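Trainee: If you want the building blocks of each chain, they are given just below.
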Amino acid sequence: MQKFMNAPDTVVADYLTGLAAAHPQLIEFRAEERIVVRATPAAAGKVGLVSGGGSGCEPLHAGYVGPGMLDAACPGEVFTSPVPAQIMAATRAADHGSGVVFIIKNFGGEVMNFGLAAEILSRQGTRIEKVLVDDDASFPPDLSRQRRGLGATVLVEKIAGAAAERGRCLDEVAAVARRTVASCRTFGVALSSCTPPRLGRPTFDLPAGHYEVGVGLGGDRGQARAALPTADRVADVLLDKIMAELGIATGSRLITMLSGLGSTPEIELFGLYGAIHDRLTRSGAVVERSLVGNYLTSLDSLGALLSVLVVDEELIDLWDQPVHTPALRWGA
Amino acid sequence: MQKFMNAPDTVVADYLTGLAAAHPQLIEFRAEERIVVRATPAAAGKVGLVSGGGSGCEPLHAGYVGPGMLDAACPGEVFTSPVPAQIMAATRAADHGSGVVFIIKNFGGEVMNFGLAAEILSRQGTRIEKVLVDDDASFPPDLSRQRRGLGATVLVEKIAGAAAERGRCLDEVAAVARRTVASCRTFGVALSSCTPPRLGRPTFDLPAGHYEVGVGLGGDRGQARAALPTADRVADVLLDKIMAELGIATGSRLITMLSGLGSTPEIELFGLYGAIHDRLTRSGAVVERSLVGNYLTSLDSLGALLSVLVVDEELIDLWDQPVHTPALRWGA
Amino acid sequence: MAEALSLDDLRRWLEHFADAVVSQEATLNQLDSATGDGEHGSNLSRGVAAMRRALADQSFADAQSLLSSVGMAIVNSVGGASGALYGTVFLRLSDAGAGVTELDLSRLADGFASAAAGVSELGRTTPGDKTLLDAIHPAAQALREASAAHLDLGTGTDRAALAAETGRDATAAMAARVGRGSYLGDRSLGHIDAGATSMAQLFRSLHVATASR
Amino acid sequence: MAEALSLDDLRRWLEHFADAVVSQEATLNQLDSATGDGEHGSNLSRGVAAMRRALADQSFADAQSLLSSVGMAIVNSVGGASGALYGTVFLRLSDAGAGVTELDLSRLADGFASAAAGVSELGRTTPGDKTLLDAIHPAAQALREASAAHLDLGTGTDRAALAAETGRDATAAMAARVGRGSYLGDRSLGHIDAGATSMAQLFRSLHVATASR
Ligand SMILES: Nc1ncnc2c1ncn2[C@@H]1O[C@H](COP(=O)(O)OP(=O)(O)O)[C@@H](O)[C@H]1O
Ligand SMILES: Nc1ncnc2c1ncn2[C@@H]1O[C@H](COP(=O)(O)OP(=O)(O)O)[C@@H](O)[C@H]1O
Ligand SMILES: [Mg+2]
Ligand SMILES: [Mg+2]
Ligand SMILES: [Mg+2]
Ligand SMILES: [Mg+2]
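Top to bottom, those sequences are chains G, Z, Y and L. Here UniProt numbering is used: position 222 in the first sequence is 222, and no number is missing along the way. Here UniProt numbering is used: position 220 in the second sequence is 220, and no number is missing along the way. Here UniProt numbering is used: position 20 in the third sequence is 20, and no number is missing along the way. Here UniProt numbering is used: position 13 in the fourth sequence is 13, and no number is missing along the way.
Simulated from the structure, these hints should not be mistaken for lab results. Keep in mind the model is a prediction, meaning the values are calculated, not measured. We treat Cβ as the ideally placed atom computed from N, Cα and C, and that holds for glycine. Be aware that a few hints might be false.
What the hints assert, rightly or not - A short list of chain G residues far from chain Y (calculated; beta carbon distances all over 10 Å): (1) Asp236; (2) Asp240; (3) Ser252; (4) His324.
Unchecked claim - Sample of chain G residues with no beta-carbon within 12 Å of chain Y, all distances over it, derived: (5) Ala44; (6) Asp95; (7) Glu129; (8) Lys130; (9) Ser183; (10) Ala208; (11) Leu246; (12) Ala249; (13) Val287; (14) Glu288; (15) Glu313; (16) Gln321; (17) Pro322; (18) Arg329.
Unchecked claim - Heads up, incomplete: computed chain L residues facing chain Z, CB under 8 Å, no partners named: (19) Asp37; (20) Asn43; (21) Val75; (22) Val178; (23) Gly179; (24) Arg180.
With the rest of the complex left out, here is chain G (with noise of 0.2 Å):
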C-alpha cells in the first residue's frame, strides 16, 4: 500500500491532528471527543451548523469548520458515519443558544445516527434542524431516496453558513440551506477506485480505459462501467443529467464546483472544467462563480464531481460573503 500513513487506526486522527497543526487559529481538535471546532466559537446567538460524515472525503467535513461556514464537525472513521456521541458532543460546541442545523448527506448511516441524536438532542431541550443533502443526480426523481449527498453539501455549509452568520434565525438558516439543496445537482465519475487503509487495496478493479459512471464517494462503483472518452465527452456525461434535472435555459445563473476525488491532478480538472463551462456557456446559462479543486473527495479515487446550483440574487450574495477555513477562504 503505497499511503502516507502510521498505520491504519491511527489515520483519522493523524489527519486532524495536521489539520489542526496547519490552521492554529481557526481549528481545534478535540481527539476524547473526536470533534473538530472552531478555534474562537461564535458569538451567542448565532445558530450553529453542524456536520459530519465518514472519512476519507476531505476536505469534508473538518476542512469546513471556521467563520462563516461549520461551527464543528464530527468525522467518522473511513467512510463510516460518525456515532451519535459524536455528534452530540458537536452539537453542545455548536449551539450558542439558538438552536443548531444538522447537514446530513443521504447516506443510510448518517441518516441513521444522526436521527439518533438528534432524537436525544431533541428530548433533552437542544433545538434541532435537519437538512437532507441529496444532490446526487445519478438516480432518478423517483428513486430519490437513493440520490446520495454529494457536492452540494459544500454549497450548503458556505450558504447557510454565511446566513447563520449574518444572524437568521434557525427556521430562517435551515430554509437557505433545503433551497439550495433543491437547486443543486451533482453527477459524478470514476477513472479508478480507492485504497481504505485497513482493506489494504483497491476496493475495486477497473480495467484500464474504462470509467465507472455516476458514482458518489466511499469508493462507490458507479451505475454503469464504459469505455473512457474524451474528456469534452466526459464534459458532456457529467453536465446532460444535471442540465436536465435543473432546467438550464438561457439566462439561468449558476455557481459551479468541480471537485477531484482525491488524486486527480490540477491539470487534467481543470482541462475537465474548461470543457464544461464551455458548454454551460454555449447554452446560454451564465457561471456567476466557480470552484475547481479538491473539496470532496474518496481517499484516493482518481474522477470527478460535478456540481451545479442554480442562484438568485440571494445566494450569490451569501455566497459572496467571507469565509474563513482551512479549505475554502475568501474576503478574510
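Fit chains Z, Y and L with the ligands to the supplied structure of chain G, relying on the hints for placement.
Mentor: Positioned in the frame of chain G, the structure of chains Z, Y and L with the ligands alone reads:
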C-alpha cells in the same frame, strides 16, 4: 492511460483555458502567445514579476498570476521550459516601466531559455533581474549547481509579489526574492512515478512498498530508493537535511509549506504534516504560517515536497499581505 | 442443563461473537468491498472491542441492563449503518430481559422479533433488500417456531442459526435496494451481503454458547 | 558530384532529420524517460515541425539565412534544454554559411566546431557529462580531421556520423553530470542519453543527404 484528456497535444492549452474560465476576474489566457496575464494589469510603475517553466507542475505557474503575486506566467509544454518568444511576450505584459524580475528555477532548460530571453530583452532596453531558485536540499551545498528550484518558487513569488505591490524598486524586489531563496530549503519524496501524456506510461516503475528519496519536479527519480517507512519516519527524512542546513533551533521562526505532488490525498498530506509540525515544534522552532496542499506538483505523482523558510518580521509581513490568484488567496 | 441463557451464557455468546468478528475482520471488509465501501469488518471490530469494555462491568442486575449496555457501546463506537442497526438489535433485545437474569427460547424469540422490526424501521427496509435483515428476520421466525413447538434451547438456536445462514446465502441472488449496495443496481447481484454475514455469525455464536453450557 | 552541400542539399538533410525525429519520437521519449522526464522526442518533434514551416520560405539568399532561420524556429518551438541547445547548434553553424550558398567540408568543420563550443558554453558542460555534446563534439572533430585530410564530402560526413554514434553509445557508461539525468547520480549509468541519440541522427541524416545527392 487513465486521464481526463482530449489529446496529448491539447493538454496544456485545455488546462489554461479551463483555468481562465474558472477565474475570469483574475487572469486571461492569451492562446497565441501561450502566456497567462492578469485580467487587470497592475498600475504603472509596479515592478513586474514573471515566472514560467514546464507544465505538469500545476498550480505552478499560471495559478499564481494575480494581485500580490505574478504579473504574467509562461507555461511550457509538459515538463518542458518555455521558449524565449513566450518569455518575451510575458515580459512585455508584465513590464510597467520599472523593470521585471524573472523567477527562474534551477533546471537547465529554464536557465538557458530565460537566459536567452533576458539577453535579447536587455539589449532592447528592458531592465531584467534574474532570480535563480535553487532550494533543493537533496544535494549538498558543494553540488549547488544540481540544486533544483522547488517549493521556494511559490514562497518567493508570494513574498516578492508583495514587495512589488508595495512599490519597491527592481533591485529591492530582486533582493528580497534572493534573500527568500537563501533562507529556504526543500526536500521531496515520491511514492509513485507520473504518466506524461505523450509518454503514455509511468516515467519509472517503483516496486510496491518503496519510495524515492530526494525527488524534484517532472517525475524525477530521487537519488535513492528505500523501503517506505511510517509517515512519522518520512517526516524525519523530509526534515533532516533541511533542519541541518538552515540551522533550525530554539526560537527559529518559520513558514512551512507541504505540497502534494499531484495525486496525494489530503488525508495523507495533513497526516504527514502533523508529524513534521510536531518535530519542528519540539526542536523549539515556531511555525508562524503554514500551507498544506497541492502547491506545486508533478502531474499525477504521489508524493510530497516539504519547504521550510526561515523568516523575520519583514518576510512575515510581506507573506501576510493580500494575495488573490487562482491558487493562493487571502486578505481579498 | 437449564433451558435458558444465564447472564454468564450471554457473556459467553458475546465473547464468541467478538472473537469471530475479530478473526473475520478482513473477510467482512472483503465482502463489503464487493458492493459497499469495504469496512464492515473494521466497523464491527471496533464495536466488539467497545462491547468488551462494557462487559467488563460485572454488576449488571438483569439481562436488560447487560444487553442495553452492549447496545449503547455498539451505537457509540461503530458508526455507519451497521452501528445504528446492530445497536438497535441489542437495545430491542434488551427489552426482553427486563427484570430477569435468564432468557429462554420464548424471550429470545420475542426479543429478536422486536429487534428485526427495529432494523426494518430504522433502516426503512424489508426482507429481500439484501441487508442484515435477511439474516435476522428468518432467524427470529425460526426462534418463534421453535418456541411454539417447545423445542429445546440448543435445537432452537441451531435452527435460528441455520435460518440466518440460509438468509445470508440468499442475499447473493438479491439486488440491493438499500445501503451502499443499492447504488450498484443489478451489479450487486452475485455477492453475499456483508451485514447478513456478520448477523448470521451472531446467531451461530448464540448456538455455540448455548450448546457449550 | 559537387564537394559541397547546396541549399537544396541542406534542405534534404533537414527533411531527412525531420522524418527521422518524427518516426523516432516514441523511442526518444522512452530513452529520456530512463534518466530524464520522458519528452525529448516530443520536444524535437515540435522543433522539426517548426523547422519545416521555416523552410517553406524559398527565398533564402545564403546558407546563413537558411540555417539561422531554422535555429530560431527551433529555439522558439522546442523549449527545455534541448531547444536552447539545438537552436544554438544551428545558429552557430549558420555563421559558417555567411554569404555562401554552399557548405564544403571545411565550412562544415568550422561550423560544427563552433556549434559544439556553443553547446559547451550554454550548457556549461564538457564531453563525458552524458549529453548531446558527447555526440556533436567527436563529430565536429571527425569533420575537422576529414577536412584536413582532404577526404571527400561523403566520407567526411560518414566519419562524422560514425563518431557521433560512437559518442552516443559511449554515454551508456557515463554518469550524468548535467541535465535531469544528473539528479540520479550513478543510477543514470547503463542508459544511452536521449539528446546524444537525436544528435547522432542529425549527423547520420547529414551523411544520407550527402550520399544521395
Ligand atoms: N438501510 C439498511 N437497513 C438494513 N441494513 C442495512 C441498511 N444499510 C446497510 N445495511 C447493512 O449494513 C451493512 C454495511 O455495514 P457497514 O459497512 O458497517 O456500514 P456502511 O454501509 O455505512 O459502510 C450492509 O452489508 C447491510 O447489511
Ligand atoms: N546542460 C546541458 N548541456 C548539454 N546538453 C544537455 C544539457 N542538459 C540537457 N542536455 C541534453 O538535452 C537532452 C534532454 O533534452 P529534453 O528532454 O528535450 O529537455 P529537458 O532535459 O529539459 O527535458 C539530454 O538528453 C541531454 O542530451
Ligand atoms: Mg461505510
Ligand atoms: Mg523536460
Ligand atoms: Mg461499509
Ligand atoms: Mg526531457
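Trainee: Take the hints in turn and mark each one as holding or not.
Mentor: Quick rundown of the hints versus the structure:
1. The claim that Asp236/G lies off the interface holds: its Cβ sits roughly 22 Å from the closest Cβ of chain Y, which is beyond the 10 Å cut-off.
2. For Asp240/G, the requirement that its beta carbon stay farther than 10 Å from each beta carbon of chain Y is met, with the minimum near 18 Å.
3. No beta-carbon of chain Y is positioned within 10 Å of the beta-carbon of Ser252/G; the least distance is around 28 Å.
4. The Cβ of His324/G sits about 29 Å from the closest Cβ of chain Y, beyond the 10 Å cut-off, so the non-interface label holds.
5. Every C-beta of chain Y lies more than 12 Å from that of Ala44/G, the closest at about 29 Å, which supports listing it as non-interface.
6. Residue placement check: Asp95/G keeps its beta carbon more than 12 Å from all beta carbons of chain Y (closest about 20 Å).
7. Every CB of chain Y is more than 12 Å from the CB of Glu129/G (nearest about 20 Å), matching its label as outside the interface.
8. The Cβ of Lys130/G sits about 15 Å from the closest Cβ of chain Y, beyond the 12 Å cut-off, so the non-interface label holds.
9. Look at Ser183/G: its CB is around 23 Å from the nearest CB on chain Y, clear of 12 Å, so calling it non-interface holds up.
10. Residue-level check passed: Ala208/G sits 19 Å from the nearest beta carbon of chain Y, beyond 12 Å.
11. The beta carbon of Leu246/G is kept farther than 12 Å from every beta carbon of chain Y, the shortest such distance being approximately 21 Å.
12. Against the 12 Å criterion, Ala249/G stays outside the reach of chain Y, whose nearest CB is about 30 Å from its own CB.
13. With 12 Å as the threshold on Cβ separation, the claim that Val287/G sits away from chain Y holds: the shortest Cβ distance comes to roughly 29 Å.
14. Annotated as non-interface, Glu288/G keeps its C-beta farther than 12 Å from every C-beta of chain Y; the closest such distance is 31 Å.
15. Distance check for Glu313/G against chain Y: the nearest CB is about 36 Å away, which clears 12 Å, and the non-interface claim stands.
16. For Gln321/G, the shortest C-beta to C-beta distance to chain Y comes to about 33 Å, beyond the 12 Å cut-off, and the non-interface label holds.
17. In this structure Pro322/G is separated from chain Y by more than 12 Å, as the shortest Cβ-Cβ distance comes to about 33 Å.
18. With 12 Å as the threshold on Cβ separation, the claim that Arg329/G sits away from chain Y holds: the shortest Cβ distance comes to roughly 30 Å.
19. With a cut of 8 Å, the hint placing Asp37/L at the interface with chain Z holds, because the nearest CB-to-CB distance is about 4 Å.
20. Using the Cβ-Cβ criterion of 8 Å, the hint placing Asn43/L at the interface with chain Z is satisfied: the shortest such distance is roughly 6 Å.
21. Interface restraint check for Val75/L: the shortest CB-CB distance to chain Z comes to about 6 Å, inside 8 Å, so the restraint holds.
22. Annotation: Val178/L was flagged as interfacial toward chain Z, and the flag holds, the nearest CB pair being 6 Å apart, inside 8 Å.
23. With 8 Å as the threshold, the beta carbon of Gly179/L comes within range of chain Z, its nearest partner Cβ sitting at about 5 Å, so the hint holds.
24. For Arg180/L, the interface hint holds, since its Cβ comes within 8 Å of a Cβ in chain Z; the closest pair sits about 6 Å apart.
Comparing the model with each numbered hint stated earlier shows that all of them hold.
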